[in-house]
Structures are given as C-alpha cells and as structure tokens.
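J.: Respectively, the protein sequence lines represent chains W and U.
Numbering of the first sequence is given in this note's numbering, commencing with residue 1 and proceeding in unit increments.
Numbering of the second sequence is given in this note's numbering, commencing with residue 1001 and proceeding in unit increments.
Be aware that a few hints might be false.
[As the list claims (entries may be wrong)] Calculated cross-link-like contacts (lysine-lysine; reagent style BS3-like; alpha-carbon spacing at most 30 Å):
#1 U:Lys1110 <-> W:Lys17
#2 W:Lys17 <-> U:Lys1128
#3 W:Lys89 <-> U:Lys1075
#4 W:Lys17 <-> U:Lys1132
#5 U:Lys1026 <-> W:Lys89
#6 W:Lys89 <-> U:Lys1110
#7 U:Lys1075 <-> U:Lys1150
#8 U:Lys1132 <-> U:Lys1110
#9 W:Lys17 <-> U:Lys1135
#10 W:Lys89 <-> U:Lys1150
#11 U:Lys1135 <-> U:Lys1150
#12 U:Lys1128 <-> U:Lys1075
#13 U:Lys1150 <-> U:Lys1026
[As the list claims (entries may be wrong)] Per the computed footprint, the stretches of chain W lying under chain U, defined by three or more beta-carbons under 8 Å from a beta-carbon of chain U, are:
#14 9-21
#15 73-81
#16 86-96
Because the hints were derived from the structure by calculation, they are not lab data.
In this text the structure is predicted, and so the values were computed from the model without any measurement.
Every residue, glycine too, gets a C-beta built ideally from N, C-alpha and C.
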Amino acid sequence: MNGVLAVYQKELLSYFKSPIAYFVLAVFLVGTGYFFTYNMFLTGSASMTETFRNMGILLLTVSPLVSMRLFSAEYSGRTMELLMTLPLKPWEIVLGKFLGAVTILLLMTAGTLIDLVPLYLFGNPQTTTIIAGYIGFLLLGMASIAVGQFFSALTRNQIVAALITFPVLLSFWFVGHLQSFQTSYAMRALFGYLSFALHFADFVQGLIRSEGVIFFLIVSTIALTMNAGYLQWRR
Amino acid sequence: MIALESVSKRFGSKTIVHDLTFTVEKGEIVGFLGPNGAGKTTTMRMIAGFTTASSGRITVAGYDMATQNEQAARKIGYMPEHPPLYDTLGVTQYLRFVAKAKGVARSQAKSELDRVATACRLEAVLDKEIYKLSKGYRQRLGLAQALLGKPDVLLLDEPTAGLDPGQIQETREVIRSFGEHHAVLLSTHILPEVTLICQRVAIISQGRLLAVDSPSGLQRASEQTNRVTLIATAPAEALRSELLSLAGVIAAAIHEVPGNARVLNVECQTDAREGVEAAIARAVAGRWELHRLERQQPTLENIFLRYVSRAAAEAGAQ
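The whole structure should be built from the sequences, with the hints applied where relevant.
T.: See the structure below:
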C-alpha cells in the first residue's frame, strides 16, 4: 500500500506542477458554469438534471486530457525504467496513478458545487436527485479515466493517447443509439448495457441503480486490470 | 550477488544478447565494457528487472528475476543510461518519492536523503526544480536515487557520461567507496574508468561475452606484440639496421624529432616478452647516444579492440 501512496503523491505533485490540471479545471468549470446558467434561465426550474447531462458530455472531452499523461509521460520522460525497477507491483503503479487522476476528478466535481448555492437560495431542489447525479458523475468519470489511463500506457505520445481515448469514450457514450437498429433482443440488451449515456441518465434522473454502479465499477476494474496486465506483459 | 547463467535476449527474430554467463560478488566492482550497441544496456535492464530474459537465469541477491523480481528489486539500486528524472518535480520531492517507493521508513527518510545528497554532492540543489539542473547534477541525482535505501547491488549504466573531469573523479570515488561493501556492475565504454575502479572486467561485443578477467589479467593474457620506444642521437639507417639485427625485434619505425634531424624517435615492434630492452640499450648506447628507452604497456584499449575485432572476424567467417 506504501507503493500506491508513493505513486499517488508523485502524480498529484506532477499534476499541479504542470499547467494541465489548472487548464482542465478551468475549462471544465467555465463550461459547467455556462451550461448551468443557460439551463437555469431556459427551464426556470431549480434542478441540476440538464446541467448533469451537459457535464457528462463535457467530462468525456476533458477526461482524456487528465488521463493522457499518466503513462505516456513516463515513457517519453524515460522514467518508466525507474518505475518498473522500483519495488512496486504493476497494480500499485496503476492504482496510484488512477487515484491521482481521480483526485483531479474530485476537484472538478467539487468546483461545480458552487452551482448549488443559487439553486438552494432561490429554489427548492431535490437533494436526493442531486446526490444521485453526483454519484453517477463520479462513477462515469472514474470509468473514463480508467479507460484513458489504459490507452496512455500504449503510447509514448500524450496527444495520441488522448486522441485514441476520446473516440473510444464517445463510442461508449453513444453505443445505446445502436439499439434502435437491432431486431435481436440480445443485441439490444448488450448495446443498452454498454452505454455510458443510458446508465448515467438513470443517475441524473435520481435513480441509483446497483446495475449502473456495478457497470461503471466493472468498466474501471477491467480497464485497470488490462493496464496492469499490459505493464507486466511489457517486461 | 548477481549471477547470470546463459542469459539470452531476443526481440522478434533478432538476438541482442547471446548466452551470457558471469557473476558479480559482494565487495566487488565489475566493469561491463563494450562498444555502443553491444547489448550492455539490454543486459543491465534484464538484471534490473525492467525486461525479462528470453532464456537463461538471472539471480540477484539470491532471488530469481523471472519469478521474484519484486523481492530482488528491494536489493537493487539501478541507474539507467538516461537518468530517470521527473522534470516537473523538485530534487527533494523526487528523492522522497523514490525513498518511499523503495520502502524506506518515514523516520529514516530524512537521514537517508541527507546521506545520498552528501555522497553525490547534491546539497546545493536540494531546493531546485529538476528541469533547471545542469547535465552533471542530473547525472548525480540519477546516481543518488540508485543509492537510496542502501541496496546490496548497484547497477550503473554509464554513470560518468556527460560529466566534467572533476565530477567524474568524484563520482568514481562514490562508486569505489560503495563497492567495498556491495556488488557493483558498472557499464562503460571508457577504458581508463575500468582500470581505475574495477576489480574485474567483462567484455561484451555484439551481445556475446568475449572475456571476463581482471584488468591486469587481460593485459597478461593478450598476445599483443609488444612495443619498445626509444629516443637516440644516431644516423637513421645505421640505427635501423642495428636494431633489426637484434633478436626479438621485428620492425623499427624511425621518425626524426622535429627541429633536430640528428635526434631520432624509434618505435620497435618485438615478439619477445622480456630482455629486448636490455639488448637494445647495449646495442645503441655502445655506439651512439641513448636518451630514453621504454616498453609500452599494452593498453586496455588495444586489448579491447583486439577482442572486438577478433569476434567480428569470427562472426564474418561463419
């Protein structure tokens, strides 16, 4: 566990000593703030539902920027040789990095809490729905980062890592739309199950379904396991 | 402490390292000598556990690198060819990270950091950002991280590359003092380095081990034709024929010393191991004036080139 902590601390330091974290936080918060204001005036209702939808899409575009450097920068900076020869297990490296990126996700999420101030000041929002939305957002973010982190391990070029991650996440988001073209029940169910958007939609509606929670956790676990497996195989 | 048994490494159909077998004992500094591209770095990486061997067995401190690389990693300090530094971190932050990853207890981390910082003369830059460091400091920081945690085995891939002469001297001192109680494998293509600090040398070329011996043992073992040089005041032709008439002298190249046509600088090739100097001295001093006479030690450079070219010739003949 000490190894995880060592890697985690190093990742956090690296994030905040490079402009990426600040840039991502700024873009995300400005974007969310815009959508929040827009939705508030458009719908006139004290709810986060529309804003959460927009935050989901926004997250798909910024999470590759958070995850892209996790391994690519180790390759290009020639530090992978150190990381892999220190007494660290591959899963410790993978988990430490993941937690570092998730911390950035938490900061992004925390930044949006300010939107709740006017919501509670001038309206009467449903707290449980908002909590469900945030839980869904964090789960979606974790899965996105885990996927991006895996692709980051495949290339020494950060831009390439982000460019691969983005369409993959986008596919996971929109795969639910393919349901309409399927006649077989199994295929419809599969596409529905794989859809980030459909699972996320449940949370946004205020539903915390175990199916959705488990889905995002499974995606994260598979991506992180593949990541650790890849590091082991690469030796 | 380090043992390689018929270790090979293949990438696809290409074999980078062929059947290496050698050991490094505790309290010993072994030089790993070879031209660029000989497979030194690949071998170091296999011992360090960055890559695995395709066949053969590597054990470090009794642990098999194929199955117990993690236990072994606790015993290894590894300085790769390019110092593995995080430019975004500060020097102290970096060393703390490595210490923590190596499992250095929090209570000892401070003294451990001080120890390696002093050993590698990093005190002046501890508060600096890594990206601001000069090449020499980067190299020393790379060495410092390897020393953290007092590993039993130290693997150094060209540790003095890019340093100025003063820094090279200091770095060698650090390595030498470390070698007294640990096993050190030091890869280099700088020959004097090997003669200065290594007890044994392993010569590698094109992925094959050519020889393992002490630097002086390698010199003895070489069948290099010996050279004797002398400076004398004498007529050139007469001197040449006189020298060639001596038993053991194969050839004599005579050069005039610039500015004084009567003083000659002569290089004799001899196949005799001893006694030639005395014969030359008697022959020359009896008739002309002899200013200087010395036998040239076969340098490691020549030995190395001989091994390498012989290996290349054998490979060509196959």
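J.: All hints, please: hold or fail.
T.: Hint check:
no., hint, verdict
1, U:Lys1110 <-> W:Lys17, "23 Å, holds"
2, W:Lys17 <-> U:Lys1128, "13 Å, holds"
3, W:Lys89 <-> U:Lys1075, "15 Å, holds"
4, W:Lys17 <-> U:Lys1132, "14 Å, holds"
5, U:Lys1026 <-> W:Lys89, "27 Å, holds"
6, W:Lys89 <-> U:Lys1110, "25 Å, holds"
7, U:Lys1075 <-> U:Lys1150, "8 Å, holds"
8, U:Lys1132 <-> U:Lys1110, "23 Å, holds"
9, W:Lys17 <-> U:Lys1135, "21 Å, holds"
10, W:Lys89 <-> U:Lys1150, "20 Å, holds"
11, U:Lys1135 <-> U:Lys1150, "25 Å, holds"
12, U:Lys1128 <-> U:Lys1075, "29 Å, holds"
13, U:Lys1150 <-> U:Lys1026, "14 Å, holds"
14, 9-21, "holds (count 6)"
15, 73-81, "holds (count 5)"
16, 86-96, "holds (count 4)"
Of the hints listed earlier, there is not a single one the structure fails to meet.
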